[in-house]
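Quick note, the sequences are listed as chains A, B, C and D, same order. FYI, the numbering for the first sequence is 145 to 222, going by the working numbering. FYI, the numbering for the second sequence is 145 to 222, going by the working numbering. FYI, the numbering for the third sequence is 4 to 145, going by the working numbering. FYI, the numbering for the fourth sequence is 4 to 145, going by the working numbering.
These aren't lab readings, by the way, just hints derived from the structure by calculation. Positions of the beta carbon are idealized from the N, C-alpha and C atoms, including for glycine. Treat the hints with caution; some may be incorrect.
Unchecked claim - For each label pair, taking beta carbons as the anchor points, the in silico distance ranges come out as:
1. 203(B) / 135(D): 37 to 47 Å
2. 17(D) / 11(C): 22 to 32 Å
3. 50(D) / 44(C): 45 to 55 Å
4. 47(C) / 173(A): 34 to 44 Å
5. 49(D) / 186(B): 25 to 35 Å
6. 68(D) / 109(C): 20 to 30 Å
7. 11(C) / 188(A): 20 to 30 Å
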Amino acid sequence: MIQVKYFGLIAEAANCNSENVAEENKTLSQILSDLTSRHQLGDYNFQVAVNKKIVSNLSDHVLSDGDEIAFLPPFSGG
Amino acid sequence: MIQVKYFGLIAEAANCNSENVAEENKTLSQILSDLTSRHQLGDYNFQVAVNKKIVSNLSDHVLSDGDEIAFLPPFSGG
Amino acid sequence: MKKVFLEGAISPEFIADSIAKHQGKHSIGAHNIFLGQVRGDEVDGKKVESIEFTSYEEMANEKLHEIREAAFEKFDLTCIHIYHSLGNVKVGGICIFVFVSAPRRKQVYEATEWLVNQVKTEVPIFGKEIFENEESQWKVNS
Amino acid sequence: MKKVFLEGAISPEFIADSIAKHQGKHSIGAHNIFLGQVRGDEVDGKKVESIEFTSYEEMANEKLHEIREAAFEKFDLTCIHIYHSLGNVKVGGICIFVFVSAPRRKQVYEATEWLVNQVKTEVPIFGKEIFENEESQWKVNS
């Protein structure tokens, strides 16, 4: 299982804070593409973190069971 | 009359905080030279203010009755 | 891991208390403090009434730890404290408090500026501006 | 002419109170505060116990007024407050408090640094370090 978390504007747009997805041997980019289309997030600007680290090269990333993916809209603290 | 004020290290060296001196048609540099020798301030580093403004060119300065001269050692606030 | 997130606005008393706690450290000669205050901006005629902050806290705490370590490498500092609000902070309320102390003043300003910029750009915190009429918009940092 | 000089150390409560007074100004988004704290330096084996500050107050107030005006010209600021101790401030006590507020954060760090440097170099204030053994030496700013 992969835990997926949504934050800020993206959580609002997806109408979801977190969910679990089965990995089924998918790559990170496949899972992201599934979730983006399911939640209609295509027009939004976001970064992706896996296990609390920003992933800059999404296509190379291999997921493991228990990983935590986060959809992060632009940061606006302070 | 000219009022003379001494501050910090200079007040301590002169053993005086303020005094009045008669001007007797003296220039600023004459008065300073008198006071410096009287109070043995020759070895000290100080600036001079007249009426609360630093005077950078001492020799050109003409004093008027009621002027206030200050002997100011290096500033060390903060 | 130091506690960063506080619920609601950061009070002046909390800041005073942090300052007082440093008065026993006799190697410190200079403190610099940055405070971010919620501005009552007007957007299309509507006035901001508060900002609602959320965060990916576990990631934010890891990132803040890294930022703190990097700042100690980069600048000659004795202490660094960073606090940020979560939840609702009304206009005039303080939502970020960055506190840097050092033996001498030279680097404290730059260190504070660097830390504030790092928090704004690298830490997953999300602000939503709430208007008087209960509409809202997601804050964008500039 | 704003009041700058305070007798003895500047308390954290005084600072909190100054911060609180700015929370009603809704155009402010950023504050920067500099605090100078008396360091327990050791000089030839003797530890500094306090600093005794004196000033040519009338001249200092005029100069501080000029500095404040120049800072408003130079930087985009909403408020500037400068406080300095006179008399005795013990080790760990705060002897200077410079407080700058602006709509946005960009210039506040530089403005604070500039103001602190101006106070140190242009304002007739004199500090005398008092050691544990009651000896003393006149402070030299670096």
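Handout entry: Structure versus earlier hints, numbers of those that do not hold, lowest first
Key = none
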